[in-house]
Amino acid sequence: DGGITQSPKYLFRKEGQNVTLSCEQNLNHDAMYWYRQDPGQGLRLIYYSQIVNDFQKGDIAEGYSVSREKKESFPLTVTSAQKNPTAFYLCASSPRDISYEQYFGPGTRLTVT
Amino acid sequence: EDQVTQSPEALRLQEGESSSLNCSYTVSGLRGLFWYRQDPGKGPEFLFTLYSAGEEKEKERLKATLTKKESFLHITAPKPEDSATYLCAVQATGGFKTIFGAGTRLFVKA
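Protein chains in written order, with the numbering used here: chain A, 1 to 113; chain B, 1 to 110.
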């Protein structure tokens with residue numbers, strides 16, 4: 001089955017530690033995205049990538065980093081510089097970088113204490 | 001500034017009680033409007049894409065419509081399994097971002 005996988009589903013970290021969230025897709029989509037979802041707010045774009053080895057900052061990129069070494073993979077690192085990292089993180093992909101609906105993974109809930 | 005506003009924030013219906021969810025948007029030019037369904041603790045699931053005013057799309061008990069300033073998601077004779085958060089999103093021409101609304105939480109009671 002084609003789809004997007006995110007791991008782990010739940011992640012707990014101590015303040016000051018970096019953590020990497022995994023996102024893999026086998027849909028052969030060119031574009032991939034990372035969003036953050038907080039209660040009562042719309043999804044906010046962290047980073048997006050249109051092609052391998054290229055990515056751009058979204059609206060809230062500070063304190064986050066990404067890489068796109070393979071078409072199927074787009075991992076997100078939450079660094080200690082992110083002031084409020086506890087949130088639900090969603091990865092998505094689409095067949096084109098614009099003009100097409102996005103398909104989402106199941107999400108990773110990160111809790112930092 | 002491009003913006004998406006959904007109303008109401010929450011909607012409680014009895015099973016079989018039809019209603020509509022609203023999505024108002026402000027963009028310089030609309031490339032596409034999207035509806036997603038999101039169950040608690042899960043990722044959004046794509047429902048519809050609408051591109052131009054007057055367009056309508058249907059899927060089971062759901063029907064999405066589009067005007068120049070807003071979109072409606074009509075739910076006909078809802079069932080408890082329709083309970084979820086429904087997200088609206090837009091893409092503007094000339095840009096790369098998809099802008100999401102905060103969603104409408106729908107509760108359908110048997």
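For the record, the hints were derived by calculation from the structure and aren't laboratory data. All values reported here derive from a predicted model rather than from experimental measurement. Ideal Cβ positions, reconstructed from N, Cα and C, are used throughout, including at glycine. Do not take every clue at face value.
Straight line, CA to CA, 30 Å or less: simulated DSS-like cross-link-like pairs of lysine-lysine [what the hints assert, rightly or not]: (1) A:71 x B:42; (2) A:9 x A:83; (3) B:42 x A:14; (4) B:97 x A:71; (5) B:69 x A:9; (6) B:59 x A:70; (7) A:9 x A:70; (8) B:109 x B:57; (9) B:63 x B:97; (10) A:70 x B:69; (11) B:109 x B:68; (12) A:71 x A:9; (13) B:79 x A:9; (14) B:97 x A:57; (15) A:83 x B:79; (16) B:42 x A:83; (17) B:63 x B:79; (18) A:57 x B:57; (19) A:57 x B:69; (20) A:70 x B:63.
To spell it out: a stretch of chain B is covered by chain A in this simulated footprint if at least three of its residues, at any positions, have a beta carbon under 8 Å from a beta carbon of chain A; those stretches are [as the list claims (entries may be wrong)]: (21) 11 to 18; (22) 55 to 68; (23) 88 to 100.
We went through each hint and held it up to the structure:
Distance restraint check for residue 71 of chain A and residue 42 of chain B: the Cα-Cα separation of roughly 24 Å lies within the 30 Å cut-off, and the hinted pair is therefore satisfied. In summary, the hint linking residue 9 of chain A to residue 83 of chain A is supported, as the alpha carbons are separated by about 22 Å, within the 30 Å threshold. Pair hint residue 42 of chain B plus residue 14 of chain A holds up; C-alpha atoms about 24 Å apart against a cutoff of 30 Å. Straight-line distance between C-alpha atoms of residue 97 of chain B and residue 71 of chain A comes to about 20 Å, which keeps the hinted pair within the 30 Å bound.
A threshold of 30 Å between alpha carbons decides the hint, and for residue 69 of chain B with residue 9 of chain A the separation of about 37 Å lies outside it, so the pair is violated. A hinted pair counts as satisfied when its Cα atoms are at most 30 Å apart, and residue 59 of chain B with residue 70 of chain A does not qualify at roughly 35 Å. Note on residue 9 of chain A and residue 70 of chain A: the hinted pairing holds, with a Cα-Cα distance of about 22 Å set against a maximum of 30 Å. For the given pair, residue 109 of chain B sits about 25 Å from residue 57 of chain B by alpha-carbon distance, which is consistent with the 30 Å threshold.
For the proposed pair residue 63 of chain B and residue 97 of chain B, the alpha carbon gap of about 25 Å is at most 30 Å, so the pair holds. Under the criterion of a C-alpha separation no larger than 30 Å, the hint pairing residue 70 of chain A with residue 69 of chain B is inconsistent with the structure, at around 39 Å. Of the supplied pair hints, the one linking residue 109 of chain B and residue 68 of chain B is violated, its CA atoms being roughly 33 Å apart against a limit of 30 Å. The straight-line distance between the Cα atoms of residue 71 of chain A and residue 9 of chain A is roughly 22 Å, inside the 30 Å bound, and the hint therefore holds.
For the suggested pair residue 79 of chain B and residue 9 of chain A, the alpha carbons sit about 29 Å apart, so the restraint of at most 30 Å is met. The suggested pairing of residue 97 of chain B with residue 57 of chain A holds, with an alpha-carbon distance near 11 Å, which does not exceed 30 Å. Distance restraint check for residue 83 of chain A and residue 79 of chain B: the Cα-Cα separation of roughly 41 Å exceeds the 30 Å cut-off, and the hinted pair is therefore not satisfied. A distance of roughly 24 Å separates the Cα atoms of residue 42 of chain B and residue 83 of chain A; the hinted pair therefore holds under the 30 Å criterion.
Annotation: proposed proximity of residue 63 of chain B to residue 79 of chain B holds, straight-line Cα distance about 15 Å (limit 30 Å). A hinted pair counts as satisfied when its Cα atoms are at most 30 Å apart, and residue 57 of chain A with residue 57 of chain B does not qualify at roughly 33 Å. The hinted pair formed by residue 57 of chain A and residue 69 of chain B meets the criterion: a straight-line CA distance of about 29 Å does not exceed 30 Å. A distance of roughly 38 Å separates the Cα atoms of residue 70 of chain A and residue 63 of chain B; the hinted pair therefore is violated under the 30 Å criterion.
Here the segment 11 to 18 of chain B counts 0 residues with a CB under 8 Å from a CB of chain A, which misses the bar of 3, and the coverage is violated. Chain A is given as covering the segment 55 to 68 of chain B, and this is violated because 0 residues of the stretch bring a CB closer than 8 Å to a CB of that chain, at least three being needed. Coverage of the segment 88 to 100 of chain B by chain A holds. Counting CB-CB distances below 8 Å, 8 residues qualify, and the rule asks for three or more.
Checked against the numbered hints above, the structure violates hints 5, 6, 10, 11, 15, 18, 20, 21, 22; every other hint is satisfied.
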